[in-house]
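Model the placement of chain U on the given structure of chain L, informed by the hints.
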Amino acid sequence: MTMSHAGPETIRDVRDSVRSGARSAVDVCRDALARVSASDSTLHAFHTVTADRALARAADLDRDRDRWRTAPLAGVPVALKDNLCTRGVKTTAASKILESFVPPYDATVIDRLERAGAVVIGKTNCDEFAMGSSTENSAFGPTHNPWGTNRAPGGSSGGSAAAVAARMAPLALGSDTGGSIRQPAAFCGIVGLKPTYGRVSRYGLLAFASSLDQIGPMTLTVHDAAIALNVIAGADTADATSASEPVPDYTAALTGDVRAAKIGVPWKILESGIDGEVMGAFRAALDALAARGATIVDVELPHARHAIAVYYLVATAEASSNLARYDGVRYGLRAPGALEAMYARTRALGFGAEVKRRIMLGTYVLSAGYYDAYYLKAQQVRTLITRDYERAFERVDAVAMPTSPTPAFRIGERVADPLQMYLADVFTVSANLAGLPAISVPCGFTAEKMPVGLQLTGRRFDEATLLRFADAYERDTAWWTQSPPALQEVHD
Amino acid sequence: MVAFAMPAGVTRAQVEGIAALAHLDLDPSEVELFTRQLSDVLAYVDELQQIDTNGVPPTADVASGGALDRPDEVRPCLDPADALANAPDPALDTALGAFFKVPRVIG
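Line order of the protein sequences matches chains L and U.
Numbering follows this note's numbering, in which position 312 of the first sequence is assigned residue number 413; successive positions increment by one, without gaps.
Numbering follows this note's numbering, in which position 39 of the second sequence is assigned residue number 687; successive positions increment by one, without gaps.
Hints in this document: simulated from the structure, not taken from any laboratory.
These numbers were taken from a predicted model, which means no experiment stands behind them.
C-beta atoms are modelled at their ideal positions from N, C-alpha and C, and glycine is treated no differently.
Treat the hints with care, since some could be wrong.
[To be verified] These stretches of chain L come out as covered by chain U in the derived footprint (C-beta under 8 Å, 3 or more residues):
#: 1; segment: 440-453
#: 2; segment: 456-470
#: 3; segment: 474-487
Just chain L, same shape as in the assembly (with noise of 0.2 Å):
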């Protein structure tokens, strides 16, 4: 097999090759299907992938090349998470019910993304309807980690993150209900940023829990994350939610300089269930950051360790509610039968198991009698989680931990029991419980050679702060230079 550009390809690399002319979109574009041509019969990251109209895109940024002299994406491969809606290209969220659904509109950040110049390749495979950490419970089968083919790749946004450790794409875009692009970027040894909520329009987002959904970008470097949060943040008027907070160029921000960096960590919470060898990752990596100037101090966070229990009430409510929409009328799935048998059979058909049990816990929880014991009380914990936050920050700038307490686990491990799977979740999911923005970038790997995650959650809107400080880490180590063995094999 031979690749005209084998080597790690970032975002940057491309955008200027192309910029200069040095490339065309359309070579850049082959090579990236060539790329998911090679690999994905063994990863399956993809479910769709739109090559005829890729290249027809590509061809169109090539006929028109001055018009994309500046622009922050020219010709920059782009994969999306199947649960994002895009016109006229099926979008599934993995899930049966929704096998043939083609959305007649464009989520607001693909949009934003071919404004930007980017070419759509196709659309990856998630857990259904984001629920999971694995990927695994997709309808149409689980993807394979790049870095070890028998492990999960993480979830729910495991294709994104093997489509961009596996260099098919320089940028995918995932969303993070409770951690779902950061932890499979820590399993996959990418970067991937949950940004603050609010600060990218969920318009065109197939709904999950929307006080916690948050679309974000998985890349291969900090830098490359910086480029996507510029191009896709800012206010939408499709999105009553989005803020009208100002976009200032993350790019500027990566200065590389820590020196007067406060960075917390919630040592107490650490003290158990964590792998060994993600540990002694995770304190090499604050030993690095110390080294460049930043001072690492102890912070409580004395809520946290309830979040899995808040976030697994507040998420299934929210669950419940969102996927009732999914009743076989206006779309996808249709069972026969007389209307209310219609409904029931429709959604027994068209949800699979993980599914059907959140929206069983979340219609539990929000009935009578149920309500005031989990919902409400739920509700008021994550104001108490959120206050922890809040006064870590009057003594810090970030808080750092582990992404996940292990490295990615081996396909089928967990399937069998969902709460020991919930579990994975601890360290990811109060910064969607408190809307603030959280990143994940390689800290290294275990002596299996599976990749392990730091994960820095910052300030609200404070995004800037974040990637300045996984950047001047990632200037130190580099780790993302290192491609997976899978990748290796295709090369080869």
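Showing chain U alone in chain L's frame:
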């Protein structure tokens, strides 16, 4: 595994009641599985009952960036043909207009 004696356990009958509320036609094996799994999860989340939340307001809104208003103006929206394109049983050009059709509801 969580022990079988759960303070917050749900019964089969409750699971069947919830399934009816959620419009989910579960088969008997699913009812049994969800009875066990929902009990496990509810036993786990029971830890929240120990937290003192007296006087703590429930989180109602995480959008701190100022929710976005827009002028209340009539704007173009989806064409009826596009809106109906994914419908299992569309009715586009009827004498009364365009509809999503559902199975017969009464008699």
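Status of the hints after comparison with the structure:
Requiring three or more residues with a Cβ within less than 8 Å of a Cβ of chain U, the coverage given for the segment 440-453 of chain L holds, as 10 such residues are present. Check result for the segment 456-470 of chain L against chain U: holds, 8 residues qualifying (beta carbon to beta carbon below 8 Å, three or more required). Counting residues of the segment 474-487 of chain L whose CB lies closer than 8 Å to any CB of chain U gives 12, which reaches the minimum of 3, so the coverage claim holds.
The structure shown violates none of the earlier numbered hints.
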